[in-house]
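Taken in sequence, the protein lines are chains A and B.
Take the first sequence: its letter number 123 is residue 131 in the numbering used here, and every next letter is one higher.
Take the second sequence: its letter number 295 is residue 304 in the numbering used here, and every next letter is one higher.
No incorrect hints appear here.
Below 25 Å or equal to it, Euclidean Cα-Cα: the simulated SDA-like pairs (lysine to any residue) are:
1) B:Lys92 with A:Trp166
2) B:Lys49 with A:Tyr138
3) B:Lys92 with A:Phe163
Chain B residues, not near chain A, derived (Cβ > 12 Å throughout):
4) Ala43
5) Arg47
6) Val53
7) Phe67
8) Asn97
9) Ala141
10) Glu214
11) Ala216
12) Val238
Label-pair distances were calculated between CB atoms; the ranges are:
13) B:Asp159 with A:Ile158: 36 to 46 Å
14) A:Ile123 with B:Thr78: 48 to 58 Å
15) A:Ser264 with B:Gly285: 14 to 24 Å
16) B:Ser180 with A:Asp97: 25 to 35 Å
17) B:Leu60 with A:Tyr306: 43 to 53 Å
18) A:Tyr306 with B:Arg156: 13 to 23 Å
If you're looking for bench data, these hints aren't it; they were derived computationally from the structure.
We put the CB at the ideal spot given by N, CA and C, even for glycine.
Below are the chains, spelled out letter by letter.
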Amino acid sequence: MLSFIIRRMAVAIPTMLILIIASFYLMQFAPGGPFTSERPLPPQVLANIEAKYGLDEPTWKQLVNYVGGILTEFDFGPSYKYKDRSVNDIIAQGFPVTLTYGTISFVLAIVIGGILGIAAAIRQNTWLDYFAVGITIGAQVLPNFVMAPILILIFTLWLGWLPGGGWNGGQWQYVVMPVIALSTSYMASVARLTRSSMLEVLRSNFIRTARAKGLPNRTIIWRHALKPTLLPVVSYLGPAFVLMVTGSFIVDSIFSTGGVGYFYVNAAFNRDYAVMMGLTILLGSMTILFNMVVDILYAWIDPKIRL
Amino acid sequence: MTNVTLNPQQPRTAEMAARMDEVKGRSLWADARARFLRNKAAMVSIFVLALVVLFAFFGQHLSAFDNETIDWDVLGNVEVLGKPSLANGHYFGFDESGRDLYTRVVQGTRVSLMVGVIGAAIAVIVGTTYGAVAGFVGGRVDSIMMRFVDIALSIPYMFVLILLLVVFGRSIGMLFVGIGLTAWLDMSRIVRGQTLSIKNKEYIEAAVATGVPWFIIIHRHVVPNLMGVVVVYATLLVPQMILTESFISFLGLGVQEPLTSWGALISEGVSTMNYGMLWQLFIPLGFFVVSIFAFFFIGDGLRDALDPKDR
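Same shape as in the complex, but just chain A (with noise of 0.2 Å):
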């Protein structure tokens, strides 16, 4: 086990890596520096301000001491755009927001999801199966771009029921529209895999065994077959998590709830390159730490997988 996890991180960790040195060259080769503007800065006060942000200095120097910065200091450097705020201002800002839609997404989308897949592999081929391989079908093509401008006009515009945009700290009325335009794509997702894989559980021998030996069907659905279903659903927990991160560039965008994403999609169109990058690197390792956590859990669980 313990070989395993020093395994998987040695592929995390040069991965992390190759994301922030990637990043950064990339950001080097954007046509334009950071204060170039329509009435171009006399040369002087040009030379002044790089040397400010430390930007005279060779490139690879600046790249140890922005790495530096991350690793010792939590420090992502300063935005180029707005002299009053930091990359790590903006994280502070809107990580909590996206933390507070996106892990009651991803908790209701696994619940319900899960809920769903098992219940229409218990009745397969009766009307609650359609139903949940209806509603799979229908949301992988209803992504949350779709989704979300449609739930503002049923509960906004036509009923009048629930705000369409904002934040206001977290009330309930804010947060349920971007709740289900994020979680409804990925619970779909996990009912089809739990469906699936219920299916084929149910089809094997420990639970013909398990029939045999005359257990009521509700012992056999719970202490046998739930766990060996439930495996594949771990191995989707990291795509699932990607899906919340970059929804919430729509779910920002279209609701105005003021997480990353806005930021991100924001400092995108503003060329904003120093937060963009922060925000690459933030998010982007934070992905890769939790696949490398959900391999290594599902490496735990799963006793067939030879470490």
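Since chain A is already given, all that's left is putting chain B on it; use the hints.
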């Protein structure tokens, strides 16, 4: 008894051998085609998709307007005057800047389909070559190549794509390259796995043992078995590419005006639904949803047809 049974059998075998020529052999592909043609959802999807493609290619000839002219009479009061109407020839009405929405949708459909097909083509070509080389060569080369894929796969690609688009400019060419380059990784994994398993199959061994030349082995035994998987994933890649492009264009980071795509049109529709201009949201949305549905059904149908053990 034994004498009697031996004799009549001989003419019967000869007869059967003669009849063998009459019975046509069923190839893997003929079998798959028959299975695919029986799949109703897939057949309907092909029909629907053919209509969408025809619409994309020839749709603009049905309209007297073009997609860039602004109708100044409508502008400013689009929510009342810009409704879809067959009478004035603006079948889908106007968008919020007074342009004919029908021709905009034609153009958006064309761009979205193009991104889907070209992006998938890039992914298939790069991924298949990479995966096949890794699988055939094997050994250390294979493990280095696949380790690279592992690392690249664990980087969230949406960030990479947006970074590329911002750094190299938001052009449609960059969109093709960016989407294609991030999508080939899965393809290469699948192809490599398939190549490895084919390489070690008994029928390959049997072919080698009976002295079949290697190019016929590749042509007759390896490629057909690889093609099934490649075709299925290529069809399923197209809607994924369209989804990715729409996602990016929805955010406004994808195709730029005057070009448009389904994602960009949906995004414009969202911004005007407050004013009751629902047609601007639901018409492109309808095209998007129906086409993605069709692509998925065709992909599923092909998978069922080409990979019968999966059912």
